[in-house]
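Chemist: Chain order of the listed sequences is G and S.
Note that the first sequence covers residues 1 to 113 in my numbering.
Note that the second sequence covers residues 1 to 150 in my numbering.
Incorrect hints may have been included.
Facing chain G, from chain S, some residues (calculated, C-beta under 10 angstroms) [stated by the list, open to error]: (1) Glu57; (2) Val70; (3) Glu111.
Bear in mind the hints are in silico, worked out from the structure with no lab data behind them.
Treat the numbers as computed from the prediction; the structure is a model and nothing was measured.
Ideal Cβ placement from N, Cα and C applies to all residues, glycine included.
The residues making up each chain are set out below.
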Amino acid sequence: MNLETIVKKLGLEVRCAPENLKNNVTGGYTGDLLSDVIANSHEGYIWITRQVHQNIVAVASLKEHAGIILINSCEPTQETLEKARQEKIPIMVSSMPAFELTGKIYNLLGIKD
Amino acid sequence: MKITVSETENTLYRDSFEIEGGNFNKAGIVSTSIKSLLKQMGLAAEVVRKCAIVCYESEINVVSYARKGVVNLTVNAETVLIEVVDEGPGIPNIDLAMQQGYSTADQKIREMGFGAGMGLHNINSYSDAFDISSEVGKGARLLMTINIKQ
Chain G
1 MNLETIVKKL GLEVRCAPEN LKNNVTGGYT GDLLSDVIAN SHEGYIWITR QVHQNIVAVA
61 SLKEHAGIIL INSCEPTQET LEKARQEKIP IMVSSMPAFE LTGKIYNLLG IKD
Chain S
1 MKITVSETEN TLYRDSFEIE GGNFNKAGIV STSIKSLLKQ MGLAAEVVRK CAIVCYESEI
61 NVVSYARKGV VNLTVNAETV LIEVVDEGPG IPNIDLAMQQ GYSTADQKIR EMGFGAGMGL
121 HNINSYSDAF DISSEVGKGA RLLMTINIKQ
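All chains, full assembly: derive it from the sequences and hints.
Modeler: Take a look at the structure:
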């Protein structure tokens with residue numbers, strides 16, 4: 001399933017790098033501790049977090065995540081957006097809390113396009 | 001016993017990368033460059049993944065605690081060696097620092113999602129060999145070895 005499908009089905013707001021919404025999502029990881037995400041997430045994952053600072057882009061870029069979703073309507077900082085545009089990492093915003101959003105994406109990934 | 005990194009006839013690649021202490025704006029740049037390099041060399045995905053994890057954690061440690069640091073990357077026929085040497089306060093109690101969950105990070109670092117006391121633990125578990133030494137008031141030296149044949 002690609003990011004675009006997830007964006008449409010869950011009504012996510014795309015903040016940057018819309019050109020990469022075709023990225024294929026192979027799984028997901030939810031977490032705010034960067035060491036945890038670095039150690040346990042994989043390439044192609046969608047990362048769900050409450051962190052909004054620019055270091056999330058470095059982590060997503062290093063791990064080659066499909067994109068980042070910020071929960072609870074949290075907005076990325078200006079520096080985060082600029083860096084994400086450079087690195088072409090899509091950042092999306094959801095009004096849902098982490099538990100709910102993770103559950104919905106988990107279910108979606110079990111269904112074929 | 002201090003393990004030293006010396007160039008041998010098996011050395012395929014060697015380079016150094018500088019890390020600026022305290023600058024979270026640039027944190028991760030060195031690790032991303034090293035990861036791209038190793039990928040271009042055609043190393044297996046799992047080898048690249050382990051190198052990226054240990055490199056990123058070491059880079060964040062330098063940014064969080066030291067004034068500056070350098071990553072010396074050596075790729076041999078059988079191993080990738082990542083040596084990180086920093087100038088900073090050093091680590092007074094290495095055994096304690098290696099314990100998962102132990103951290104001396106301040107509030108600012110923790111709020112960003114760093115400083116959870118997972119860094120050195122992750123480095124140790126994702127390295128095939130790990131050596132750490134430190135002199136208080138001078139700095140720390142980490143040497144991570146990742147085997148190319150996993």
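Chemist: Work down the list of hints and note, for each, if the structure agrees.
Modeler: To see whether the hints hold, each was checked on the structure:
Of the supplied interface hints, the one on S:Glu57 holds, with its beta-carbon coming within about 7 angstroms of a beta-carbon of chain G, less than 10 angstroms. Below 10 angstroms, beta-carbon pairs count as interface contacts, and S:Val70 has none with chain G, the closest being about 19 angstroms; its hint is therefore violated. Interface hint at S:Glu111: satisfied, since its Cβ lies 9 angstroms from the closest Cβ of chain G, which is below the 10 angstroms cut-off.
In summary, the one numbered hint that this structure violates is 2.
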